[in-house]
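There are 2 protein chains.
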Amino acid sequence: MTDFNDWVRVIQARTEAALTHCLPEAHIVPTRLHQAMRYAVLGGGKRVRALLVHAAGDLCAGDPVALDAAACAVELIHAYSLVHDDLPCMDDDDLRRGKPSCHRQFDEATALLAGDALQSLAFEVLSQPGLLPDADRQLSMLHMLAQAAGSRGMAGGQAIDLESIGHELTQTELEQMHIHKTGALIRAAALLGAHCGREDAEVVRAVDGYARNIGLAFQVVDDILDGESDSSTLGKTAGKDAAQNKPTYVTILGLARARQLALELHDNALAALRPLGARAQRLEQLAAFVLQRRF
Amino acid sequence: MTDFNDWVRVIQARTEAALTHCLPEAHIVPTRLHQAMRYAVLGGGKRVRALLVHAAGDLCAGDPVALDAAACAVELIHAYSLVHDDLPCMDDDDLRRGKPSCHRQFDEATALLAGDALQSLAFEVLSQPGLLPDADRQLSMLHMLAQAAGSRGMAGGQAIDLESIGHELTQTELEQMHIHKTGALIRAAALLGAHCGREDAEVVRAVDGYARNIGLAFQVVDDILDGESDSSTLGKTAGKDAAQNKPTYVTILGLARARQLALELHDNALAALRPLGARAQRLEQLAAFVLQRRF
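As you go down the protein sequences, you meet chains A and B in turn.
Residues 1 to 295 in the numbering used here are what the first sequence spells out, letter by letter.
Residues 1 to 295 in the numbering used here are what the second sequence spells out, letter by letter.
Since the hints were made in silico from the structure, they are not lab data.
All residues carry an ideal CB built from backbone N, CA and C; glycine is no exception.
Just so you know, not all the hints are guaranteed correct.
Here are some, though not all, of the chain A residues that point toward chain B, as calculated from beta-carbon distances under 7 Å [claimed, not checked]: (1) Pro-30; (2) Leu-33; (3) Met-90; (4) Leu-113; (5) Asp-116; (6) Leu-121; (7) Leu-139; (8) His-143; (9) Ala-149; (10) Gly-150; (11) Ser-151; (12) Leu-270; (13) Pro-275.
Construct the entire structure; sequences and hints are all you get.
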């Protein structure tokens, strides 16, 4: 098996290439919109969701072309959510991945439309005729992605997040928010990967349990990073959650218990993979990668 | 054949019922988001796009359940576009269908997320497993809707519209903008309807020609209405385009030639239907309905 770090670089590069290919070129009218879409998607990010698609897909001998399309679709949804999240009426953030956020680089209206069009493009990419030999399977993948993105998934999590500003949340309420806001798309990424290959109920069950825990761990780590980093390390405005009086795992649990929780979720994710044995090594490595982003 | 006005009322009512059913109930968490989504979609609008789905679908003996789903999907995309279009960074409009626009009734962030989630819901509704017996057909409908909504369709048209503010446009440039902004989704509505039934290349070709002309006629009529109505008749802020120095068919052609153009497009739409003979009566009636909304 390829070294994990090499594998990460390969998947990141092929995802970048696939995204570059599926995004309309910058000279196509409307040029400013297409420039903004490319700006928001290309040249940054760890592509954790694409890595999950591929790691889960490899378990089921997923078709490479279908895996690339699924990875693009999930990354496009993620990118659109960041563009809208940074808008003045949401988090009002000037910095993203170390660069001006999309509405700072272009303008608010263009950023709004770029986000909208990136969401459409995600469904366009995943609905390409003949992507999988089994059209019913492809339909159920589209349905899964739509649910994960919508009001009972990611967009719903954002809404819960908005409502929580200035309120005290319990750990359970915070967890509910993140299960929607970050967890739904992370889970969809892993399940989409698994659906690109052989139908295998045991794999799907294991991947699902793994992804639910990793999704939450991912957010706990994010909160820890937000609490302890400066903006230049983080590539986005640091300390923002605390400044906006947003509840985080760090504000609710304190730094030490938040770190402990991240480790527990990591262990739970590995436990979910146990029935798969050595086949799940890539997903295990990816769990460590998610956890160790900075600490 | 049922009287046209009765048919319109029946389709409007069944579309309202189908939308009410597919939207998450207002008491489901996040409640404010779900309330905003329902507010933006239900209880208003002529449902022209749903009428097009059904009129085209009836030509091909389309399955009623699939037609309702396609009608919902198109109306959800349309509703999301109106919510985002009314936001302060876009048209900054306080009034929509005679009520406060979504961000005025709720708040900007909620309206942004409601629009986002309505787009996801459109794809969720149209990707329901088993909606059509032919999953490949259903996939191509999803692909068609995604293209019509995206940067080379509706969202692209909005971007061209933004870029055009304060610029002189030729009639051809204005037409290009509207082919994207309004035309793409109107065309998708008619084609989705046709795809819900028997595969029939002649019907698809005729419906496509019809829909391209009707889509443009729809916009010309909109510009005429915007130029001559007051806000209470229109249900949205009147005279806005002229005040914002946006080019319209009325500002470019004058009122008399704009009316003439609407009639020509109507005739072209009917000409496209001619090969279908009497089968196309509902689409013919619908063309008159679009044209005669107010004048």
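Status of the hints after comparison with the structure:
no.	hint	in the structure
1	Pro-30	holds, 4 Å
2	Leu-33	holds, 4 Å
3	Met-90	holds, 5 Å
4	Leu-113	holds, 5 Å
5	Asp-116	holds, 5 Å
6	Leu-121	holds, 5 Å
7	Leu-139	holds, 5 Å
8	His-143	holds, 4 Å
9	Ala-149	holds, 4 Å
10	Gly-150	holds, 3 Å
11	Ser-151	holds, 4 Å
12	Leu-270	violated, 31 Å
13	Pro-275	violated, 27 Å
This entry does not satisfy hints 12, 13, going by the numbered hints stated previously.
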